[in-house]
Amino acid sequence: MMAFRSAFTPLLTSAFPTRTTSGTLSLSTFANSLTEHCTQTVRQNVSLLDLCKLPPASAYVHLPFCRKRCHYCDFPIIALGSSSDHHHDDPRISSYVETLCREIMATNSTPSSCPPLQTVFLGGGTPSLVPPRLVSSVLDALSSKFGVCGNAEISMEMDPGTFNAAAMKELMGLGVNRVSLGVQSFQDELLKCCGRAHGVDEIFEAVEIVKSCGVENWSLDLISSLPHQTPAMWEESLHLTIQAQPTHVSVYDLQVEQDTKFGFLYTPGEFPLPSENQSAELYKMASRMLSNAGYEHYEISSYGKTGYRCRHNTTYWKNKPFYAFGLGSASYIGGVRFSRPRRLREYTNYVQALENGVADHTQSEGIVEPKDLAMDVVMLSLRTADGLDLKSFREAFGDSILLSIFEAYRPYLESGLVICLDEQRRNVAADEVMSNEKLAYLRLSDPDGFLLSNELISVAFAVICP
Amino acid sequence: MPSLYRASKSLKSHRIPFNLFHINPNFRRLDSTAYLNPIFGWTQCAFFASQFREDPSIDLNQFPSDRIRNFSIIAHVDHGKSTLADRLLELTATIRKGHGQPQYLDKLQVERERGITVKAQTATMFHTHKYLGTDTKFLLNLIDTPGHVDFSYEVSRSLAACQGVLLVVDAAQGVQAQTVANFYLAFEANLTVIPVINKIDQPTADPDRVKEQLKSIFDLDPNEALLTSAKTGLGLEQVLPAVIERIPHPPGNSSSPLRMLLLDSYYDEYKGVICHVAVVDGTLRKGDKISSAATGQSYEVLDVGIMHPELTQTGVLLTGQVGYVVSGMRSTKEARVGDTLYQTKSIVEPLPGFKPVKHMVFSGLYPADGSDFEALSNAIERLTCNDASVSVTKESSSALGLGFRCGFLGLLHMDVFHQRLEQEHGAHVISTVPTVPYIFEYSDDSKVHVQNPAMLPSNPKNRVTACWEPTVIATIIFPSEYVGAIITLCSERRGEQLEYSFIDSQRALMKYRLPLREIVVDFYNELKSLTSGYASFDYEEAEYQASDLVKLDILLNAQPVDAMATIVHRSKAQRVGRELVDKLKKFIDRQMFEITIQAALGSKIIARETVSAMRKNVLAKCYGGDVTRKKKLLEKQKEGKKRMKRVGSVDIPQEAFHELLKGS
Ligand SMILES: Nc1nc2c(ncn2[C@@H]2O[C@H](COP(=O)(O)OP(=O)(O)OP(=O)(O)O)[C@@H](O)[C@H]2O)c(=O)[nH]1
Ligand SMILES: [Mg+2]
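So the sequences go chain by chain: U and A.
Once you know that position 196 of the first sequence is 196 in UniProt numbering, the rest is easy, because the numbers rise by one and skip nothing.
Once you know that position 135 of the second sequence is 135 in UniProt numbering, the rest is easy, because the numbers rise by one and skip nothing.
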């Protein structure tokens with residue numbers, strides 16, 4: 001972590017010239033190490049009940065543009081059409097970014113209590129379709145509104161075939177220090193079948209650009225259980241992924257969503273989609289191969305080399321608050337989850353209302369039900385290898401609910417789908433669980449427990465909210 | 001009654017959801033207390049309440065016994081009883097032709113949906129007939145009865161208020177099993193039987209053959225048979241004259257103290273308990289004090305009248321008349337069907353009453369869909385007010401929680417009861433596999449009457465010395481070419497042939513003694529399909545017989561599911577066990593562990609299946625924007641689990657319980 005931070009600090013100097021001149025950079029770096037320190041204390045002292053009420057230190061920014069919609073996608077996106085390769089002057093992008101920046105600036109925040117951002121995630125859509133100068137104005141807006149830590153993780157989703165080395169360099173110059181590369185698959189026929197706008201050649205080119213530009217921290221994103229995907233194809237994709245040596249790999253299991261082309265064409269579990277068993281095998285193959293290649297399976301669909309977990313996503317899984325800006329994006333502030341309109345016109349109106357001070361959801365005194373919070377905490381933490389921190393959970397929600405969860409999980413502790421860990425993260429045998437004083441974490445096993453996470457988490461839900 | 005009329009008007013504007021007031025200005029709500037009593041809400045079964053009315057033109061004093069005829073319409077299922085009743089009600093202008101639905105008296109939603117009569121219904125009609133040379137107005141009391149064997153109890157009760165019957169026989173189908181059974185009910189009650197050969201409009205009608213059958217089976221004079229079509233109206237004009245000429249008037253004594261037979265009762269949300277009665281002797285007037293011979297309780301007659309066919313106030317009921325009484329009874333439990341009601345302080349000999357109902361099948365009823373026990377309990381309580389033939393006791397099951405053990409007259413009755421619970425009372429129920437009542441005897445001389453197989457120990461401490469099961473005498477009538485098939489079926493069902501005869505050149509009649517258990521579930525369906533629908537079947541209860549019975553347990557991961565236990569004949573255990581296990585396998589979803597489904601006799605496993613463990617379910621990614629959506633999905637998943645019933649850690653979907661009901 002230290003090495004990573006110092007390596008990237010110089011880049012920030014050029015990224016935020018205004019801040020350097022005002023001398024805040026050193027301050028913010030200092031503040032940042034303070035915050036780092038604070039986060040440690042937060043983990044120990046701030047109750048889960050209060051955690052969500054802290055000011056956010058993460059921001060998600062939605063850049064919805066795509067060349068065309070992929071067949072599995074039900075995200076709020078804006079398809080630009082694949083004919084125009086020159087998105088640089090596309091007025092749809094610049095006017096959207098302008099609205100986005102207005103949203104950022106109109107967001108209510110009390111600067112004194114507001115720490116600078118530690119993570120920024122530019123997601124989409126295909127953010128790499130947005131010209132760097134517009135990305136720059138977004139980052140500028142964020143830093144002038146909230147401040148951005150010197151060692152902040154600034155991630156950007158990028159698709160093969162949408163950027164060249166120059167753009168990559170420019171983005172790095174703006175502070176982007178983590179790339180999430182949307183590869184999805186290493187087979188042309190599968191890419192085509194998904195309606196992806198790129199082929200395998202562009203993947204290799206993109207990897208080359210990312211590596212040659214010196215992006216040290218990057219993720220390669222894959223999708224498993226695609227239609228017609230064979231175990232051999234999947235194995236090949238995983239091999240090529242490992243060969244590309246990203247610091248992080250995301251493996252998404254295909255979700256067939258209702259209002260997508262796939263939803264229209266296919267039924268989960270039926271040909272050409274893999275069966276439940278086949279799909280489980282693909283998941284296990286990924287877990288096995290990536291673990292063997294030195295990636296830690298730290299979350300259901302995320303793998304990282306040591307020190308390269310995605311800090312931004314970790315915010316979500318720790319149930320910490322975060323800002324969100326842009327079309328259809330969802331923020332979590334003051335214990336309230338709020339989703340912005342998914343349609344451009346309504347979103348624009350929303351920003352207008354925000355500026356007029358009539359749409360401030362963030363301050364709305366959302367009364368947070370402990371039960372709801374407990375469900376969020378369980379749902380999110382059990383997705384991770386770290387698992388549920390029993391001590392903080394008990395402190396926030398009480399002993400009895402925890403005992404009931406253990407009771408409900410007893411058969412799964414015995415069968416090994418659920419695992420208890422002590423302070424040193426050593427496994428505690430199922431029959432010792434009830435008597436062991438030093439239980440510290442509860443997690444789902446990898447891969448079998450992860451594979452059944454929905455089922456297992458809903459068992460806990462039934463206990464929390466009968 | 002101006003004040004009451006006002007009450008009815010305010011009622012109307014407040015909460016009366018029907019529009020009878022607009023149709024007929026004579027319809028008046030006369031019970032002002034209803035408005036003042038907010039305890040009772042409206043339910044669908046309150047339809048009678050909407051129909052209380054007065055008709056000043058009716059003066060029952062005009063009808064001494066000799067101007068009264070009481071008769072039932074009896075027949076095999078679907079031979080046209082209710083349709084004939086429609087025609088007679090129209091002919092006498094009791095209902096207007098072309099108004100109201102066909103089978104007017106079938107008012108329950110179940111009856112309408114299934115096209116069958118479940119509950120006997122009484123209607124009083126007036127008819128002028130040239131009698132002994134002069135036009136004389138008669139009061140005719142018609143009771144339409146159900147045809148299905150389960151409801152033959154309704155028939156016997158109805159016959160107690162009658163002196164004669166119309167025995168309706170379908171001209172094409174001829175005499176069928178319930179024709180025989182119902183004929184004997186009437187015959188044994190010494191009633192005049194008027195044969196009515198109906199549906200003569202059908203192309204396949206063969207009235208002559210039916211006449212021969214009537215002669216050969218019942219020794220009825222073929223010349224006495226009336227030929228009708230309740231559909232076209234053909235021959236209908238002969239029916240009421242025959243009723244008046246042939247059926248004797250009611251025999252009671254008008255100068256004796258009042259005695260009346262309680263025929264039926266139901267609960268009306270507005271009026272309270274409404275009793276149907278037949279006045280045997282004496283006169284009943286509004287304001288009288290009456291007592292129950294069964295309970296000794298006394299009541300004041302608040303309202304009295306006839307079913308015309310809606311409740312119509314007359315203030316009086318004379319000897320031989322059939323009508324209704326409202327007397328402030330609080331629950332139908334006070335109104336015992338078969339009871340004798342008499343003038344308080346007078347001394348009378350109670351009437352013979354009825355045989356108590358015999359419950360043929362028992363099943364557990366439990367709340368489904370996470371609905372609570374209280375709601376089910378209320379629904380059952382209210383429905384039993386209108387169907388007193390169900391017995392109800394509380395029970396509990398480890399799989400299903402708190403519920404009720406209910407006794408029914410048969411499987412159709414059970415089905416109808418479920419349907420009425422759901423339709424009329426909004427209850428959601430899971431019911432357990434029906435069982436017949438067994439008796440087990442043990443080496444310590446103890447004896448257990450088993451209405452719920454779960455109560456029987458799987459590994460008893462004392463040796464079983466004898467088991468007894470109820471039997472029935474079944475009558476089966478069918479075209480003679482099916483003899484072989486029917487003999488095979490009955491012997492598979494452990495039947496013993498008692499009689500084999502021919503009712504005419506093409507039709508055979510067989511009587512079998514069969515274990516009740518063998519006929520309750522799918523015997524009739526099987527019979528129908530073996531004979532392309534041409535066989536008919538009826539049964540009457542017979543004595544218990546010794547039998548080699550065993551308790552069959554269903555185990556999920558070695559835990560017995562009490563609600564799925566059954567008692568079977570040893571020779572059938574293997575097959576039934578296999579079927580149950582296979583069915584369950586289809587309905588139990590994969591779970592996070594392997595599930596073993598076993599059928600066992602004591603500790604011996606006789607069938608086994610496994611449901612392999614679930615490998616994976618939806619694995620969405622989960623980032624900030626997905627949290628809410630993901631959570632909703634998981635909550636839905638949780639709700640799905642909540643609907644399931646749980647044994648050990650195995651979740652059983654409700655469908656599995658429903659499925660087990662379908663034949664075993
Ligand atoms: N063709 C013809 N059909 C008739 C006649 N009478 C009744 N039906 C039809 O036969 C069917 C059964 O008539 P219902 O009056 O319901 O018979 P039911 O005897 O009351 O039946 P249950 O009460 O269920 O025993 C209906 O579809 C009637 O329309 C008739 O005279 N001719
Ligand atoms: Mg009928």
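These aren't lab readings, by the way, just hints derived from the structure by calculation.
The structure presented is a predicted model; accordingly, all values stated were derived computationally and were not measured.
Among the clues, some could well be false.
[Said to hold, decoys possible] Ranges between beta-carbon positions, derived for each pair:
1) U:Glu-235 to A:Gln-419: 27 to 33 Å
2) U:Arg-394 to A:Glu-659: 39 to 45 Å
3) A:Ser-532 to U:Glu-407: 35 to 41 Å
4) U:Arg-394 to A:Arg-608: 38 to 44 Å
5) U:Arg-426 to A:Gln-419: 58 to 64 Å
6) U:Ala-353 to A:Gln-101: 55 to 61 Å
7) U:Glu-236 to A:Arg-608: 54 to 60 Å
8) U:Arg-426 to A:Thr-628: 34 to 40 Å
9) A:Glu-579 to U:Arg-426: 27 to 33 Å
10) A:Leu-402 to U:Lys-53: 52 to 58 Å
[As the list claims (entries may be wrong)] Here are some chain U residues pointing at chain A (derived, C-beta under 7 Å):
11) Phe-338
12) Arg-342
13) Leu-452
For every residue, glycine included, the Cβ atom is placed at its ideal position computed from N, Cα and C.
C-beta pair Ser-532 of chain A, Glu-407 of chain U: status relative to the range 35 to 41 Å that was hinted: Roughly 58 Å apart at Cβ, these two residues miss the hinted range, so it is violated.
Hint status (Cβ of Leu-452 of chain U to nearest Cβ of chain A, threshold 7 Å): 5 Å, holds
Distance restraint evaluation - Arg-426 of chain U, Thr-628 of chain A, Cβ atoms, bounds 34 to 40 Å: 35 Å, holds
Range hint compliance [Cβ, Arg-426 of chain U to Gln-419 of chain A, 58 to 64 Å]: Check passed, 59 Å falls within 58 to 64 Å.
39 to 45 Å as the expected CB spacing between Glu-659 of chain A and Arg-394 of chain U, which holds or is violated: Distance hint for Arg-394 of chain U, Glu-659 of chain A holds at roughly 43 Å.
Consistency of beta-carbon spacing, Arg-608 of chain A to Arg-394 of chain U, with hint 38 to 44 Å: 43 Å, holds
Outcome of range test on Cβ distance (Glu-236 of chain U, Arg-608 of chain A; 54 to 60 Å): Violated, at about 42 Å.
Agreement of hint Phe-338 of chain U with chain A interface, Cβ distance less than 7 Å: Violated, about 9 Å.
Per-residue hint verdict: Arg-342 of chain U, partner chain A, C-beta under 7 Å: 10 Å, violated
Distance restraint hint 27 to 33 Å, applied to the beta-carbon atoms of Glu-579 of chain A and Arg-426 of chain U: Since the Cβ atoms of Glu-579 of chain A and Arg-426 of chain U sit about 50 Å apart, the hinted range of 27 to 33 Å is violated.
Pairwise beta carbon distance, Glu-235 of chain U to Gln-419 of chain A, judged against the given window 27 to 33 Å: 57 Å, violated
Outcome for the supplied range 52 to 58 Å, where the beta carbon pair is Leu-402 of chain A and Lys-53 of chain U: The hint (52 to 58 Å, Cβ to Cβ) is violated, given that Leu-402 of chain A and Lys-53 of chain U are roughly 43 Å apart.
When each numbered hint is compared with the structure, violations occur for hints 1, 3, 7, 9, 10, 11, 12.
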